[in-house]
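Chemist: Given only the sequences and the hints, what does the whole structure look like? Please build it.
Heads up: the sequence shown begins at 16 in our numbering, then just goes up one per residue.
To be clear, the hints were calculated from the coordinates, so they are not data collected in a lab.
Nothing false has been slipped in among the hints.
Once the Cα atoms are required to be at most 25 Å apart in a straight line, the calculated SDA-like pairs of lysine to any residue come out as:
| # | residue 1 | residue 2 |
| --- | --- | --- |
| 1 | LYS190 | VAL208 |
| 2 | LYS184 | PHE169 |
| 3 | LYS196 | SER67 |
| 4 | LYS196 | ASN157 |
| 5 | LYS247 | PRO235 |
| 6 | LYS196 | GLY283 |
| 7 | LYS54 | THR302 |
| 8 | LYS184 | HIS166 |
| 9 | LYS247 | HIS166 |
| 10 | LYS184 | ASN157 |
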Amino acid sequence: MSQKTNRRNFLIGSVAAATVIGSQALTKKSTPASSSTVKSMPERVLGSTQVSLPILGLGGAGRTPISHEGQEAEAIALIEKALELGIKYYDTAASYGPSEERFGKVLPTYRERIYLNSKTAARDYDGAWRELERSLERLQTNYLDSWQLHHVSFTDELDTIFSNRGAIKAVEEAKEQGLIKFSGITGHHEPEVIAEGLRRYDFDTTLISLNAADVHHPRPFSRIVLPVAREKQVGVIAMKVPAYGRLLQPALLSSMEQAMGYSLSLPGVDCCIIAAENPEQLESNVTVARNYTPLDTAQMTQIEQLTIDAGEDGAFFRRWT
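Modeler: Next comes the structure, spelled out in structure tokens:
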């Protein structure tokens with residue numbers, strides 16, 4: 016029996032057993048509200064995947080109990096609230112502390128109605144496979160809707176990824192075996208590197224920093240990556256939308272409506288992910304998404320003007336946060 020077959024059979028068996036255990040641990044609060052009681056968010060198709068998703072997804076890192084030790088009950092309550100509110104896209108990574116395990120305690124029961132994304136920071140074949148196996152086990156699932164190469168920042172990382180024993184080989188094998196449906200690349204450091212990654216390989220998705228301060232940076236993601244993504248029909252997910260709340264200040268943007276509205280109105284953006292500190296904040300974000308309408312050029316320009324000073328900080332708002 017081949018190494019590939021052994022790996023796939025092992026993963027399916029171990030994850031199936033873990034899913035039973037995880038499902039038994041769910042509380043009654045895990046049941047989402049009836050769809051008839053929940054106002055739907057607008058949806059967009061993610062690139063060329065043919066998957067339609069609400070424009071807001073839940074981030075599993077940052078200022079959220081999902082990625083913090085000692086806050087399991089709070090994390091579960093938050094994830095359950097996301098399900099109730101109609102969120103389908105759930106984002107995590109192998110390096111996000113207990114994030115994958117937290118999602119794995121709630122999401123397996125609803126696996127067929129959600130879109131689950133995780134990431135690997137490994138650049139080599141063996142390291143990427145190890146992280147994928149661990150991610151599947153923690154998430155208690157036998158497949159990911161998408162698996163992304165995490166925070167790729169330097170050209171030499173691309174060289175390693177696309178080498179004979181690079182992580183891209185693990186991506187291709189995992190897709191062949193049905194362990195992942197789609198592949199992707201993410202970055203919040205150097206947009207030229209992400210654009211080059213998209214040119215080198217037919218990724219299905221990219222997760223990049225896109226907020227109202229980005230345009231003022233000398234190397235903006237919106238002007239460097241989005242044209243390449245549109246040309247190749249890559250699904251674009253925006254992150255760092257409010258810069259962990261740092262853009263939501265009286266001297267900058269006055270509301271999440273402006274922050275989210277700007278990112279979602281950039282050409283080629285399919286959805287965004289935002290972390291939440293508690294269910295109330297999450298519900299507020301979902302309300303903004305439900306009421307979203309695309310901004311026109313004048314509105315976009317006005318918001319950009321409000322963030323000129325923030326943009327001069329550059330890295331503070333997107334690269335290292």
